[in-house]
Amino acid sequence: MKENVSQSSEAVFVVVPAYNEGAVIHSTLQPLIDSSYSVVVVDDGSHDNTWSVLTALPVYAVRHPCNLGQGAALQTGMTFALRQKAEIIVHFDADGQHQVKDIESLIQPLRNGECDVVFGSRFLRQTDKQAVPFLRRLILRGAVMVNRLMVGVWQSDAYNGFRALSREAVEKIDLRENGYAHASEILSQIRRLKLIYVERPTTILYSEYSKAKGLSNWSAFNILIDMLLGRVFR
Amino acid sequence: MRAIQIILIVGLLTLVTMYFRRFQSRALDHLSVLGLGVAGAVMVAVPDWTTSLANLVGVGRGADLLSYFGLVSLAFICLLLYAKVRSLESQLTRLARAEAIEHAHLPPSASQASE
Numbered sequence: 001m002k003e004n005v006s007q008s009s010e011a012v013f014v015v016v017p018a019y020n021e022g023a024v025i026h027s028t029l030q031p032l033i034d035s036s037y038s039v040v041v042v043d044d045g046s047h048d049n050t051w052s053v054l055t056a057l058p059v060y061a062v063r064h065p066c067n068l069g070q071g072a073a074l075q076t077g078m079t080f081a082l083r084q085k086a087e088i089i090v091h092f093d094a095d096g097q098h099q100v101k102d103i104e105s106l107i108q109p110l111r112n113g114e115c116d117v118v119f120g121s122r123f124l125r126q127t128d129k130q131a132v133p134f135l136r137r138l139i140l141r142g143a144v145m146v147n148r149l150m151v152g153v154w155q156s157d158a159y160n161g162f163r164a165l166s167r168e169a170v171e172k173i174d175l176r177e178n179g180y181a182h183a184s185e186i187l188s189q190i191r192r193l194k195l196i197y198v199e200r201p202t203t204i205l206y207s208e209y210s211k212a213k214g215l216s217n218w219s220a221f222n223i224l225i226d227m228l229l230g231r232v233f234r
Numbered sequence: 001m002r003a004i005q006i007i008l009i010v011g012l013l014t015l016v017t018m019y020f021r022r023f024q025s026r027a028l029d030h031l032s033v034l035g036l037g038v039a040g041a042v043m044v045a046v047p048d049w050t051t052s053l054a055n056l057v058g059v060g061r062g063a064d065l066l067s068y069f070g071l072v073s074l075a076f077i078c079l080l081l082y083a084k085v086r087s088l089e090s091q092l093t094r095l096a097r098a099e100a101i102e103h104a105h106l107p108p109s110a111s112q113a114s115e
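Going line by line, the protein sequences match chains A and B. So for the first sequence, my numbering puts the first residue at 1; every next one is plus one. So for the second sequence, my numbering puts the first residue at 1; every next one is plus one.
Just so you know, the hints here were simulated from the structure itself, not pulled from any lab data. Nothing false has been slipped in among the hints.
Ranges of calculated distance between the beta carbons of each label pair, as one might list FRET restraints:
no.	chain 1	residue 1	chain 2	residue 2	range
1	B	Ala98	A	Ser105	32 to 40 Å
2	A	Asp174	B	Ala3	54 to 62 Å
3	B	Ser90	A	Ser105	29 to 37 Å
4	A	Ile225	B	Glu102	32 to 40 Å
5	A	Arg137	B	Arg21	52 to 60 Å
From the three backbone atoms N, C-alpha and C, an ideal C-beta is built for every residue, glycine too.
Using the sequences provided together with the hints, build the complete structure.
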């Protein structure tokens with residue numbers, strides 16, 4: 001942890017993994033660009049016009065030659081951001097479910113030097129919680145318990161893709177889970193590296209697009225299998 | 001000798017030969033593949049030996065014993081291949097990452113700064 005780091009907005013790098021998000025990527029990125037954060041978009045081998053939209057925008061854009069998964073895309077974005085001298089790295093979903101206005105409160109604990117990692121959570125405020133569809137809430141509850149049992153970290157929202165990490169934390173973390181199991185992998189690495197983390201409330205917007213594009217409720221099962229396989233084949 | 005015995009023995013020996021022609025691997029691998037091929041051929045040629053071996057470990061027929069062993073080895077081979085796939089996947093990821101970062105598109109402000 002670094003004491004009282006006061007970074008400018010440009011040293012805050014927002015990493016956005018995108019796979020076939022051509023339809024919405026511009027509207028997701030515009031508020032980020034307007035707020036003068038540095039934006040790194042990782043096109044994870046999209047087959048649509050995502051890349052051509054990106055290259056027309058004032059953002060850093062990198063492209064995987066083939067589709068590797070969200071975990072791989074985040075790691076690529078983080079590696080790239082470190083090279084661009086990022087001081088704070090924020091994970092942000094491309095489908096528009098996260099709010100740009102939440103970023104400031106998310107990175108505040110890092111700026112104050114209180115911790116190494118901040119997780120967004122949709123279960124800290126009653127209003128955010130009620131926005132989550134019932135079945136999804138149930139599954140996420142289960143995921144929280146799985147993380148508690150398998151990783152040993154308690155967290156109110158296991159699969160929120162909205163996180164902020166200090167440069168020091170990102171230098172140490174190395175995501176090897178290419179798929180969605182990276183969310184649990186981050187937790188286990190945080191625990192192993194003895195990084196300090198806190199949670200901050202964030203609002204998730206469940207638009208029709210993000211619901212259709214995002215994880216289905218069945219994916220929970222696949223993620224669990226990935227986690228177990230990841231244990232065996234290291 | 002029955003027709004099926006000839007077919008199986010020829011098949012086994014072909015597999016072993018193909019293995020040696022295709023894969024340049026370590027001596028231990030060569031020995032074990034050779035051993036497996038010869039053992040297989042012997043079991044086909046003299047089925048009574050497999051039956052007595054089966055009786056020894058409490059299995060009725062030699063063919064049953066072989067299928068049990070076969071299934072377990074198949075599962076084992078699947079696991080080995082899966083581990084190999086995972087390691088290939090992580091190599092591919094590193095390669096793709098390096099390539100992606102190498103060819104990054106920079107915003108106008110950053111590209112001016114670096115020029």
